[in-house]
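Protein chains in written order, with this note's numbering: chain G, 2 to 476; chain W, 310 to 619; chain S, 63 to 341.
Just so you know, these hints were derived from the structure itself, not from any lab.
Each residue gets a CB set at the ideal place from its N, CA and C atoms; glycine is no exception.
A portion of the hints provided could be inaccurate.
[As the list claims (entries may be wrong)] Label-pair restraints from in silico Cβ distances: (1) 117(S) to 415(G): 39 to 49 Å; (2) 173(G) to 398(W): 41 to 51 Å; (3) 222(G) to 76(S): 52 to 62 Å; (4) 119(S) to 468(W): 26 to 36 Å.
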Amino acid sequence: MSSQNIFKLMVAILLTAILLSACAPATSTESPPAATEGSAATEAPAMTEVPATEAPAATEAPAEASQLSGKVTIWMWKAAHDALTNSGVLDEFKKVQPGVEVEVVEYNPADVYQKLPLALQAGTGAPDISLVENSHLAQIVALGGLTDMTEWVTPYLDKMNAYKWADAELDGKYYAMPWDSGPVVFYYRRDVFDAAGLPSDPDAVSEAVATWDDYFNVCQTIMEKTGSACFSNNKANNYGRLYEMMLWQQGLGYYNEAGEVTVDSPENIATLEMLKKFWDANLTSDQLEWTDGWYAELAAETDAKPIATLVEAAWMGAFLKGWIAPGTEGKWGVALMPTMEEGQVRAANDGGSAFVIPEQSENKEAAWALTEFLFGNVDSQVAIFKASDFLPSLEEAYADPIFSEPDPFFADQPVRPIYVDVVKEVPIAYVYGPNYPEMSGFVATAIQKVGTGQSSVEDALKEAADAIRAQTGMP
Amino acid sequence: MAETSVMKRPNLPMVTKLRKKWTEIYKARWPYLFISPFYILFLIFGVYPILFSFYLSFTEWKGLGPIKFVGLRNFELLLKDKIFWQSMTNGVILFFMYVPILTFLALVLAVILNSKRVRGFRFFRTLLFIPYIMNIVAAGFTFRLLLDQKYGLVNVLLGMFHIPPVPWLESIWGGRVSLCLLVIWAWLGYNMVIMLAGLQTIPGELTEAALIDGASPIQAFFYITIPLMRPVILFSVVLSTMGSFNLFSEIYNLTGGGPINATLTPVIVIFDQAFGNFRLGYASAMSYLYFLILFVLTLLQFRYFGRQVD
Amino acid sequence: MLTQRFSGWLTNSLIYALLITTSAFMILPFIWMVSTSLKPADEIFAIPPIIISPNSSLKAYAYLQSQYNILGIVKNTFVIAFSATILRLFFCALGGYGFAKFKFPGQGALFAFLLGTMVIPGAVTLVPVYIIMRDLKWIDTFWPLIIPGAANAFGIFFMRQYIMSVSSELIDAARIDGAGEFTIFWRIILPIIAPGLTSLGLIFFMGSWNDFIGPLIYLKSPEHFTLPLIIRSLIGPVGRTVYDVQMAASVISLIPLLIIFLIFQRRIVEGITAGAIKG
Chain G
2 MSSQNIFKLM
12 VAILLTAILL
22 SACAPATSTE
32 SPPAATEGSA
42 ATEAPAMTEV
52 PATEAPAATE
62 APAEASQLSG
72 KVTIWMWKAA
82 HDALTNSGVL
92 DEFKKVQPGV
102 EVEVVEYNPA
112 DVYQKLPLAL
122 QAGTGAPDIS
132 LVENSHLAQI
142 VALGGLTDMT
152 EWVTPYLDKM
162 NAYKWADAEL
172 DGKYYAMPWD
182 SGPVVFYYRR
192 DVFDAAGLPS
202 DPDAVSEAVA
212 TWDDYFNVCQ
222 TIMEKTGSAC
232 FSNNKANNYG
242 RLYEMMLWQQ
252 GLGYYNEAGE
262 VTVDSPENIA
272 TLEMLKKFWD
282 ANLTSDQLEW
292 TDGWYAELAA
302 ETDAKPIATL
312 VEAAWMGAFL
322 KGWIAPGTEG
332 KWGVALMPTM
342 EEGQVRAAND
352 GGSAFVIPEQ
362 SENKEAAWAL
372 TEFLFGNVDS
382 QVAIFKASDF
392 LPSLEEAYAD
402 PIFSEPDPFF
412 ADQPVRPIYV
422 DVVKEVPIAY
432 VYGPNYPEMS
442 GFVATAIQKV
452 GTGQSSVEDA
462 LKEAADAIRA
472 QTGMP
Chain W
310 MAETSVMKRP
320 NLPMVTKLRK
330 KWTEIYKARW
340 PYLFISPFYI
350 LFLIFGVYPI
360 LFSFYLSFTE
370 WKGLGPIKFV
380 GLRNFELLLK
390 DKIFWQSMTN
400 GVILFFMYVP
410 ILTFLALVLA
420 VILNSKRVRG
430 FRFFRTLLFI
440 PYIMNIVAAG
450 FTFRLLLDQK
460 YGLVNVLLGM
470 FHIPPVPWLE
480 SIWGGRVSLC
490 LLVIWAWLGY
500 NMVIMLAGLQ
510 TIPGELTEAA
520 LIDGASPIQA
530 FFYITIPLMR
540 PVILFSVVLS
550 TMGSFNLFSE
560 IYNLTGGGPI
570 NATLTPVIVI
580 FDQAFGNFRL
590 GYASAMSYLY
600 FLILFVLTLL
610 QFRYFGRQVD
Chain S
63 MLTQRFSGWL
73 TNSLIYALLI
83 TTSAFMILPF
93 IWMVSTSLKP
103 ADEIFAIPPI
113 IISPNSSLKA
123 YAYLQSQYNI
133 LGIVKNTFVI
143 AFSATILRLF
153 FCALGGYGFA
163 KFKFPGQGAL
173 FAFLLGTMVI
183 PGAVTLVPVY
193 IIMRDLKWID
203 TFWPLIIPGA
213 ANAFGIFFMR
223 QYIMSVSSEL
233 IDAARIDGAG
243 EFTIFWRIIL
253 PIIAPGLTSL
263 GLIFFMGSWN
273 DFIGPLIYLK
283 SPEHFTLPLI
293 IRSLIGPVGR
303 TVYDVQMAAS
313 VISLIPLLII
323 FLIFQRRIVE
333 GITAGAIKG
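I would like the entire structure built from these sequences, with the hints used as guidance.
What follows is the structure in structure tokens.
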């Protein structure tokens, strides 16, 4: 008989344990419900007033908003977190909203893109705010589970770089608030250009690399005279980002306005053929981006064959300065990126990010208050920019004097006006979008095949295009 | 006696049969209770998911929002999916690349250690076994660093012997070789231990007798040891075969499936489709097809090798 | 067994060469890991490579504790591994006993079914199990890593083989004395099979400790992380990977297992080989 009792007891224990776990507060976003309910009730009237009072309210809103409380958890990566911390904006926010506690959890972008969708799907475990790069933004918006921010962001629609809203929008509603943009420029090593006997001041360099054909000639000279690789373009593990920048510059992309897949269009093929020329002529380094080898080659001394140029977005300047190549201060310059055809716009975008607020957040008001304070507010954006070189998407910020200051890292060249000029010219392109991760994966594989000599450009792109068509159902 | 046994043979009515069965079952309630946790858990976390997965494979779903029924479309797409079939091919290629070496090396090392010829049996066995307890994330990442083409320790050491840098992770076959190196590194100790145990069931006198009769050690190895070790070798090979298709953590942390999809396995493709592209319906269809293929393969293996062992 | 008939020192040296090379291959990554965890960051890729740096310090480890609360992570990993192991052992012992020492209708079919489940690749159930966990609200808890794994066919198989070798006389005697079935299991069987339980338990423990996929999918908040996740999260593409810190985390992950392994070597080996021989 005691056997029976023991058994029953164990079953009871097991069941209790299971029940307890169901109630266990295992999630991280715990905000006392009562507090937010109270503030939500008083918040509502204030919210509907703001749009009516337009522009001045944008910079003054924090002073008028009622006091909020609770905890706001943000997921973002280290570089972004450092930017917010070093600029002091989080402390400023604390002064305006002392009742709101901000907690940042650092994740790599890759981890965010894994965890956030899972949390959205599960309906639990998501933060109050997450930072998302524009490349993945559309996909997450399309997934669902994000708060509709249309009402909140309407006053900012014409204040931000226009192209930033495309990825945040779905069926006429907006689900994200832009932070920064990534206008693409041409970084180059003045010392390498000097050693190759080429003019090294920015205007001359801009002219010298006006088109990719011109760029090709410059690279040949550099290789001949100094042995330096022109830029790095790994073959077997290529990510395809340089290719994307080339497409963006032409207003092209992986698909077109009509929603048709253009991966194997004649223009896309021609663009990859151009990139291939550099491989064939051995003008590139095989270091993969974002590896220690790559950093080492960027930071190398003049006589150690550093990488001579880098077509990348404005945020790269901050990385070079801050931790990739601080020892090369004064050796870099910034020019305009090359175009495929003469006379085209010399601008493209790579990266840029935005804040999203998951629907399951229990502290949406506070989350938006923080978001607006950081990115809708000129002072905050300028402070962040000072600390990080992340170019604000908020165009009003460009009026600040810091944008015309010379930068010692770039040999006292005032580089920021270049970023601003470029960002205003960025064409509408069709690189990002709800299917970006998938498309980019297929095209990257195609580029890898071309780089390793496995396939011709046309065949590789056609194969990728067909696979994308089959998988996504796009024509 | 004959009459009674004949008389005892009429067909019992159904009810009596059922009652007998039920009594039997009731008498056996304890073993049923004891084995029930497994079946209950499996019902919840095995059978139900398998059935649900089956249902999902005919739908399109992002994990959020409505589930859309699409009939056989997923399977149609699957048959044309180059990435999936590439991953199956990779499984076969990887199998031939590392299973023979792994099995043979494990066997040879086991034989050596077992021969009592070597001092420090325990010491070597421990050393060879350590990779098994190492965390695969750490191991994969460490290998990635060691095999870096320009800055990795391996190429640096090879450079000292004037060997040009090997594109470990920069070429298709390099990627596969690197993966096999990692897998062999991780599983050699484990398989060797299995072989050691098997060797201990072989009576020493057999080999002794053969050697006295003039056979060389190599001959003894091939004609006595290996045939007697057949079941154990089979066990090891079957484990490794399942492994070669199911590799996940090793690949995820070393090559990510590249270069150029050279080291993708079906599990990684399914994982990507489900958790990267949010195509849950398609991922389910894929896992089903994969399961069927694997099931058939395993059946074939047992049938073929089963006959051989007899 | 190949005996002293090996001829000459040549064979001897070949053998030792093979053993030493292979052992070195096995050990090299581990040594490099430990060495890197102690080095200052700029010496990690030095050429020629530095094994023991004069600038060694435990800085990386301290950083792990202050920034990531590594001890808390170790605790998480331990709690999960321990719970999962205990639960698994209990169910497997119970199930194995049921199959080993009883006869009941449908036994053959049920056992065959059990073996069959070992063939199913985890991929098939990945998605639906995730959905179940979601509906149970077990996401970001430890439960998904403990409960489903308790249905371990290999464990039951192992235990069955093991228990079959236990003498039935003890059991029959206990029954005659009027002991209940569960008491027999608890008081008589369990103590006898303790060595087998230890072996199996160690295998389970190590498996759970190093498990990567489960925590990757189910654990969300950093305070719930396990060691494999931390190691993984220390890999940073944008922004550098702090190698010394990451290697330090790997070493920390390894040490408990290493200690367990050195103490319980024999049992672990028994556990692995039992499957091969009796299987």
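Evaluated hints:
Judged by the Cβ atoms, the range 39 to 49 Å given for residue 117(S) and residue 415(G) holds: they are separated by roughly 41 Å. The hint said 41 to 51 Å for the Cβ distance between residue 173(G) and residue 398(W), and at roughly 45 Å that hint holds. Distance hint for residue 222(G) and residue 76(S): a CB-CB separation of about 56 Å, consistent with the stated range 52 to 62 Å. At roughly 29 Å, the beta-carbon separation of residue 119(S) and residue 468(W) lies within the given 26 to 36 Å, and the hint holds.
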